[in-house]
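A.B. asks: Sequence:
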Amino acid sequence: MKSVFVTVGTTRFDELVEHITSPKAVEALRERGYGRLVLQVGKGSILPESQRVGQIQLEAFRFKDSIAGDIATADLVISHAGAGSCLEALGAGKSLLVVVNDTLMDNHQLELARQLHKDSHLLYCTCSTLTETLRNMDLSALQPFPPGQPKNFANYLGKAVGLQ
Numbered sequence: 001m002k003s004v005f006v007t008v009g010t011t012r013f014d015e016l017v018e019h020i021t022s023p024k025a026v027e028a029l030r031e032r033g034y035g036r037l038v039l040q041v042g043k044g045s046i047l048p049e050s051q052r053v054g055q056i057q058l059e060a061f062r063f064k065d066s067i068a069g070d071i072a073t074a075d076l077v078i079s080h081a082g083a084g085s086c087l088e089a090l091g092a093g094k095s096l097l098v099v100v101n102d103t104l105m106d107n108h109q110l111e112l113a114r115q116l117h118k119d120s121h122l123l124y125c126t127c128s129t130l131t132e133t134l135r136n137m138d139l140s141a142l143q144p145f146p147p148g149q150p151k152n153f154a155n156y157l158g159k160a161v162g163l164q
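Per my numbering, the sequence shown runs over residues 1 to 164.
Because the hints were derived from the structure by calculation, they are not lab data. Note that the structure is a prediction, hence the values are computed from the model and not measured. One thing to keep in mind: the hints can contain errors.
Heads up, simulated DSS-like pairs for lysine-lysine below, C-alpha to C-alpha not over 30 Å straight-line [said to hold, decoys possible]:
(1) Lys24 to Lys2
(2) Lys24 to Lys43
(3) Lys118 to Lys2
The following label-pair restraints were derived from C-beta to C-beta distances [said to hold, decoys possible]:
(4) Asp65 to Asn136: 30 to 38 Å
(5) Pro48 to Asp75: 29 to 37 Å
(6) Glu18 to Gln57: 29 to 37 Å
(7) Ser128 to Ser66: 28 to 36 Å
(8) Ser50 to Asp119: 31 to 39 Å
Every residue gets a Cβ at the ideal spot worked out from N, C-alpha and C, and that includes glycine.
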């Protein structure tokens, strides 16, 4: 069974949790063959109950010591645009869809997502375009992020936030 892992990191991003568990987004995932949706919801006010939603098994938790296992077993990672979460998913060689929190001021997350998308390492969207992106995404177009080269990621981050 194909699975999706969603992470909001240590922050709260209730809008992402609401959108990814909406009937339209769940249906888009089901249409793409996913049968399991695991959410790491952080400090958010929403903690969905583990249940079956249509044909998808939903599981949720706030935090755990490591999400490496969840990332490793996922066929698709959907993440907020935090640098740490992006690096962990890309470093694990996973297809990554970043959902940018467009309510943040001085949104460096958008700049990071744009740079990594420009180089074909991930796809990105906002909550308002999440379902459409799930329906239309082409994960085969993604290129692996060069493994074991933290300097490359530091360069991407520097470009994204305008330091280079």
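A.B. asks: Decide, hint by hint, whether the structure agrees.
C.D. replies: Verification of the hints:
no., hint, verdict
1, Lys24 to Lys2, "holds, 18 Å"
2, Lys24 to Lys43, "holds, 25 Å"
3, Lys118 to Lys2, "holds, 27 Å"
4, Asp65 to Asn136: 30 to 38 Å, "holds, 36 Å"
5, Pro48 to Asp75: 29 to 37 Å, "violated, 20 Å"
6, Glu18 to Gln57: 29 to 37 Å, "violated, 19 Å"
7, Ser128 to Ser66: 28 to 36 Å, "holds, 31 Å"
8, Ser50 to Asp119: 31 to 39 Å, "holds, 37 Å"
Hint check: violations occur at hints 5, 6; the rest are consistent with the structure.
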